[in-house]
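Asks: Here's the letter readout for the chains.
Number of protein chains: 2
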Amino acid sequence: MPNTANDLTSLKTKLLEIQHLRDASALLSWDQETYMPSGGGQARADQIALLQTLAHDKFVSSDIETLLAPHIDPTTGLAHDETTALDDASKALLRETWRDFSRAKKLPSEFVTRLERECSLAQQVWAEARQENNFAKFLPKLQTIIELKHEEVGYLGYKDSPYNTLLDTYEPGATVAQLKPLFTTLREGLVSLLDQIQQAPTPPDNRILYQAYDNDHQMEFGKEVLTKMGYDFTRGRLDVSAHPFTTSFHPTDVRVTTRVFENDFQSCLFSCIHEGGHGLYEQGLSSEHHGTPLGEALSLGIHESQSRLWENSVGRSRAFWEHFFPVLKERFPDQLNSVTVDTFYSAINTVKPSLIRVEADEVTYNLHVMVRFEIELDVIEKRVSVKDLPELWRTKMKEYLGVVPEKESEGVLQDVHWSFGAFGYFPTYTLGNLYAAMLFKKAGEDLPSLNSDIAQGNLIPLKEWLNDRIHRHGRHYTSEKLIKNATGQTLSAEPFLQSLRTKMEEVYGITLTNS
Amino acid sequence: MPNTANDLTSLKTKLLEIQHLRDASALLSWDQETYMPSGGGQARADQIALLQTLAHDKFVSSDIETLLAPHIDPTTGLAHDETTALDDASKALLRETWRDFSRAKKLPSEFVTRLERECSLAQQVWAEARQENNFAKFLPKLQTIIELKHEEVGYLGYKDSPYNTLLDTYEPGATVAQLKPLFTTLREGLVSLLDQIQQAPTPPDNRILYQAYDNDHQMEFGKEVLTKMGYDFTRGRLDVSAHPFTTSFHPTDVRVTTRVFENDFQSCLFSCIHEGGHGLYEQGLSSEHHGTPLGEALSLGIHESQSRLWENSVGRSRAFWEHFFPVLKERFPDQLNSVTVDTFYSAINTVKPSLIRVEADEVTYNLHVMVRFEIELDVIEKRVSVKDLPELWRTKMKEYLGVVPEKESEGVLQDVHWSFGAFGYFPTYTLGNLYAAMLFKKAGEDLPSLNSDIAQGNLIPLKEWLNDRIHRHGRHYTSEKLIKNATGQTLSAEPFLQSLRTKMEEVYGITLTNS
Numbered sequence: 001m002p003n004t005a006n007d008l009t010s011l012k013t014k015l016l017e018i019q020h021l022r023d024a025s026a027l028l029s030w031d032q033e034t035y036m037p038s039g040g041g042q043a044r045a046d047q048i049a050l051l052q053t054l055a056h057d058k059f060v061s062s063d064i065e066t067l068l069a070p071h072i073d074p075t076t077g078l079a080h081d082e083t084t085a086l087d088d089a090s091k092a093l094l095r096e097t098w099r100d101f102s103r104a105k106k107l108p109s110e111f112v113t114r115l116e117r118e119c120s121l122a123q124q125v126w127a128e129a130r131q132e133n134n135f136a137k138f139l140p141k142l143q144t145i146i147e148l149k150h151e152e153v154g155y156l157g158y159k160d161s162p163y164n165t166l167l168d169t170y171e172p173g174a175t176v177a178q179l180k181p182l183f184t185t186l187r188e189g190l191v192s193l194l195d196q197i198q199q200a201p202t203p204p205d206n207r208i209l210y211q212a213y214d215n216d217h218q219m220e221f222g223k224e225v226l227t228k229m230g231y232d233f234t235r236g237r238l239d240v241s242a243h244p245f246t247t248s249f250h251p252t253d254v255r256v257t258t259r260v261f262e263n264d265f266q267s268c269l270f271s272c273i274h275e276g277g278h279g280l281y282e283q284g285l286s287s288e289h290h291g292t293p294l295g296e297a298l299s300l301g302i303h304e305s306q307s308r309l310w311e312n313s314v315g316r317s318r319a320f321w322e323h324f325f326p327v328l329k330e331r332f333p334d335q336l337n338s339v340t341v342d343t344f345y346s347a348i349n350t351v352k353p354s355l356i357r358v359e360a361d362e363v364t365y366n367l368h369v370m371v372r373f374e375i376e377l378d379v380i381e382k383r384v385s386v387k388d389l390p391e392l393w394r395t396k397m398k399e400y401l402g403v404v405p406e407k408e409s410e411g412v413l414q415d416v417h418w419s420f421g422a423f424g425y426f427p428t429y430t431l432g433n434l435y436a437a438m439l440f441k442k443a444g445e446d447l448p449s450l451n452s453d454i455a456q457g458n459l460i461p462l463k464e465w466l467n468d469r470i471h472r473h474g475r476h477y478t479s480e481k482l483i484k485n486a487t488g489q490t491l492s493a494e495p496f497l498q499s500l501r502t503k504m505e506e507v508y509g510i511t512l513t514n515s
Numbered sequence: 001m002p003n004t005a006n007d008l009t010s011l012k013t014k015l016l017e018i019q020h021l022r023d024a025s026a027l028l029s030w031d032q033e034t035y036m037p038s039g040g041g042q043a044r045a046d047q048i049a050l051l052q053t054l055a056h057d058k059f060v061s062s063d064i065e066t067l068l069a070p071h072i073d074p075t076t077g078l079a080h081d082e083t084t085a086l087d088d089a090s091k092a093l094l095r096e097t098w099r100d101f102s103r104a105k106k107l108p109s110e111f112v113t114r115l116e117r118e119c120s121l122a123q124q125v126w127a128e129a130r131q132e133n134n135f136a137k138f139l140p141k142l143q144t145i146i147e148l149k150h151e152e153v154g155y156l157g158y159k160d161s162p163y164n165t166l167l168d169t170y171e172p173g174a175t176v177a178q179l180k181p182l183f184t185t186l187r188e189g190l191v192s193l194l195d196q197i198q199q200a201p202t203p204p205d206n207r208i209l210y211q212a213y214d215n216d217h218q219m220e221f222g223k224e225v226l227t228k229m230g231y232d233f234t235r236g237r238l239d240v241s242a243h244p245f246t247t248s249f250h251p252t253d254v255r256v257t258t259r260v261f262e263n264d265f266q267s268c269l270f271s272c273i274h275e276g277g278h279g280l281y282e283q284g285l286s287s288e289h290h291g292t293p294l295g296e297a298l299s300l301g302i303h304e305s306q307s308r309l310w311e312n313s314v315g316r317s318r319a320f321w322e323h324f325f326p327v328l329k330e331r332f333p334d335q336l337n338s339v340t341v342d343t344f345y346s347a348i349n350t351v352k353p354s355l356i357r358v359e360a361d362e363v364t365y366n367l368h369v370m371v372r373f374e375i376e377l378d379v380i381e382k383r384v385s386v387k388d389l390p391e392l393w394r395t396k397m398k399e400y401l402g403v404v405p406e407k408e409s410e411g412v413l414q415d416v417h418w419s420f421g422a423f424g425y426f427p428t429y430t431l432g433n434l435y436a437a438m439l440f441k442k443a444g445e446d447l448p449s450l451n452s453d454i455a456q457g458n459l460i461p462l463k464e465w466l467n468d469r470i471h472r473h474g475r476h477y478t479s480e481k482l483i484k485n486a487t488g489q490t491l492s493a494e495p496f497l498q499s500l501r502t503k504m505e506e507v508y509g510i511t512l513t514n515s
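If you read the protein sequences in the order shown, they are chains A and B. Okay, so the first sequence: first residue is 1 according to the numbering used here, each after it adds one. Okay, so the second sequence: first residue is 1 according to the numbering used here, each after it adds one.
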């Protein structure tokens, strides 16, 4: 056997070098979305493409294989039993690095290049098609992308459903067999909840949110809330971009963005809180393990659990506004002096079925995801023809949300994901919501003063609980194990549905039943 | 012979790839100086170091050598005579690429790493020593750096003086034999000029420049002037940093920074104009040749000629303020309503010997450079001991400027350059000033309406003249040839001295003689 201690050091050094290239590429992307002058796009695309190619080539190189292979049993993908000298963390590092390596290695570089090129083209065509409200224009590109995803599954192999392989890219370990019953329970619960809410006699009035709110003051308030959340501005920034996002170049440099509209109070603040949740996860990862899977976020679902926990479980809670509403009033006296905290709390929790996912409330949001999940499962399992997607979209929207888009730009063309081949991505949004509710419930049990802390503007105990239970572990555990360790429970929709019922009874002044 | 056309394409492709790495590294540095959170420094240093190492390794690789060598006569460093199929531009590309390659190749990578590490350490020690006003603390590091520079000259070889090799890094073709008489003429002219100015009976009063000027309004005015200069904001940005600088990632993305002090009007504006001059050069380089020497700035001296031409020949001219002073008054009525354009013009051209180079006026600036040039020449030619530099500094300052620093932090410790090994850099500042005067004089001859254009705020004819004469050529010609082509003259101090005499007679109301 080689000297295992030395070998992992070499491996980590190589991985860190690859990570530096990815981090540099991420900064170039951040700059592109925030400060890059409009003329700089083509040169930037070339720079990013080069950095990504270098990182990819270095990762799938024989160097990495030579350093990894001796430790790995290729049939299980786990560290050899006989390498007992390694601690659990090192074994996890090997397992996860091998997972990434073997996936990357299975994809011919010719295919990767072709896929990237087609996705880049498809994204441009999608943007035009959405603009022109013309699905037919996007159709051939979408068909190409779907064929490429099938080709990708061909290289990677699959078990039970080709969709499992795509899902696994974003949410390792998740399967159709697991999601289908879970999502059915969720969907039925949400449809019933929505139905009851829509019959409430006195729905809240949220027009106060659409007054004129000065943009600079909105940004300052967002920054204040982020600071209270424990987001560390010596290791981060808040900027403005067209679509809010979080990016990290290292746990010491994690940046969030928001957007701000004068006549829509919610957009800036809840984007700040949402991205702040992502940002806390990235700031809470281990610097020591940067460059290895142990220093990386576990999955999109776990990532989204952090953003949604902060956005909804905290940012849309009664306790949060107990502290923050007086602060907000000081900034916006003209708009809010005559408003009570109860009115405000109800306004920000108004439920109203709408056509656009990213603008959806907490109850209807996951119904938008269900529409997409079911459609892409049908597509990948080849039960529907791509040309029939607009009609299928309308049917499902009608069934689950009771609204039907009149334009494809507000229907099947609204999301960018499929144009860059991200089939299997949408379910992670819902998994994030479910995990968030489970985690927030358990945090409340572990921290008896959680609610009163939040009501006093003290968000740090919650942040530290998440640091301890989620952030610091990186990819050491599977999602299933991490959530089990953190909450003692296995994944289910009930904590999420229960939290919604409790909130909606308060907001709508009605008694809700379970089905 | 290989197929030359194909070979240059391969070479250009390789060079462009290396350029992408350098461009990415430059963005990381820009971010570090502008928006990076304070905690991100260590990770950033690692990322930049990796990108630079990759770029260096790729450049000195056998790939590049294989593509270059067949075209080059190693005794002359020029393209072989028999490669007549190549056009002049291709021959220039080969000549300049070979120059860079053979220099880089001569330095052992062990030495490059050692030099970088020692410079990085020396810079930290220099910053502390300057802070503590303690030359003895910096002395051993400075000695190490000087030994390393001698070692570098050992690898690169030299003709006549080891200083020539260092100078050649920043100003290809410049030599001690050329600079010594030129600088002596200049120094004597300036000392005489300064002497006469200091005896003027009614020196201007520049206290109006040190009133309170709102920072945001200063930035807006700077931006307005940059726009008028033809600096293209769709291919550039203006930001704030501790030390103003210009950086480019491609001619379509060239960024300048400035700094702004409420009680010092000149700092923000003249930094904007100065960096704008650099920025116009970078925006005016050929996109088509990006990645090759034909798409690169020629030398530090030529670069500085662009910044100083705009800063001094234009930005401190009477004609410029004919147009801009009324605009400025509108922004700052309280500060300037009772001030005439003549008073303002005189104020911004006040001459006063001072201790700090970067704050020096147009007359004394080059005397600061003379002090440094003569000292570093003595050091590199081993005529003085490093420990005697503070005393030598005081002697020369006394002789040329008539002022003597009481603290080393305002004397020999004031500039960062030596701490990172930049011996041979200072003379390029003066060369820039001399070239600027030659170019501005010729522009006035070629463009009969130049002065009245400037007086009407129309700066575009001058920008286009510089685009044509300087910017677009990159490194196609030597400095000597470029300046000869542009002005018909060879380098001399007279146009610079003459422009100062003319201006100072106006500002000080005196008649100046030539010696």
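Think of the hints as simulated: they come from the structure by calculation, not from any bench. It is possible that some hints are incorrect.
Chain copies aren't distinguished; within one or between two, either way the pair holds.
Below 30 Å or equal to it, Euclidean Cα-Cα: the simulated DSS-like pairs (lysine-lysine) are [unchecked claim]:
{"no.": "1", "residue 1": "Lys387", "residue 2": "Lys58"}
{"no.": "2", "residue 1": "Lys106", "residue 2": "Lys58"}
{"no.": "3", "residue 1": "Lys105", "residue 2": "Lys382"}
{"no.": "4", "residue 1": "Lys352", "residue 2": "Lys159"}
{"no.": "5", "residue 1": "Lys91", "residue 2": "Lys407"}
{"no.": "6", "residue 1": "Lys14", "residue 2": "Lys441"}
{"no.": "7", "residue 1": "Lys58", "residue 2": "Lys91"}
{"no.": "8", "residue 1": "Lys407", "residue 2": "Lys14"}
{"no.": "9", "residue 1": "Lys12", "residue 2": "Lys503"}
{"no.": "10", "residue 1": "Lys329", "residue 2": "Lys58"}
{"no.": "11", "residue 1": "Lys58", "residue 2": "Lys228"}
{"no.": "12", "residue 1": "Lys106", "residue 2": "Lys14"}
{"no.": "13", "residue 1": "Lys105", "residue 2": "Lys14"}
{"no.": "14", "residue 1": "Lys352", "residue 2": "Lys12"}
Computed from a predicted model, the values in this text were never measured in an experiment.
Asks: Now tell me if each hint is right for this structure.
Replies: Hint check:
{"no.": "1", "hint": "Lys387 with Lys58", "in the structure": "neither (40 Å within a copy, 48 Å between copies)"}
{"no.": "2", "hint": "Lys106 with Lys58", "in the structure": "both (15 Å within a copy, 28 Å between copies)"}
{"no.": "3", "hint": "Lys105 with Lys382", "in the structure": "within (27 Å within a copy, 58 Å between copies)"}
{"no.": "4", "hint": "Lys352 with Lys159", "in the structure": "neither (39 Å within a copy, 81 Å between copies)"}
{"no.": "5", "hint": "Lys91 with Lys407", "in the structure": "neither (52 Å within a copy, 59 Å between copies)"}
{"no.": "6", "hint": "Lys14 with Lys441", "in the structure": "neither (41 Å within a copy, 56 Å between copies)"}
{"no.": "7", "hint": "Lys58 with Lys91", "in the structure": "within (22 Å within a copy, 35 Å between copies)"}
{"no.": "8", "hint": "Lys407 with Lys14", "in the structure": "neither (50 Å within a copy, 48 Å between copies)"}
{"no.": "9", "hint": "Lys12 with Lys503", "in the structure": "neither (47 Å within a copy, 63 Å between copies)"}
{"no.": "10", "hint": "Lys329 with Lys58", "in the structure": "neither (54 Å within a copy, 59 Å between copies)"}
{"no.": "11", "hint": "Lys58 with Lys228", "in the structure": "neither (41 Å within a copy, 47 Å between copies)"}
{"no.": "12", "hint": "Lys106 with Lys14", "in the structure": "both (20 Å within a copy, 28 Å between copies)"}
{"no.": "13", "hint": "Lys105 with Lys14", "in the structure": "both (17 Å within a copy, 25 Å between copies)"}
{"no.": "14", "hint": "Lys352 with Lys12", "in the structure": "neither (50 Å within a copy, 58 Å between copies)"}
Hints 1, 4, 5, 6, 8, 9, 10, 11, 14 from the earlier list are contradicted by this structure; the remaining hints agree with it.
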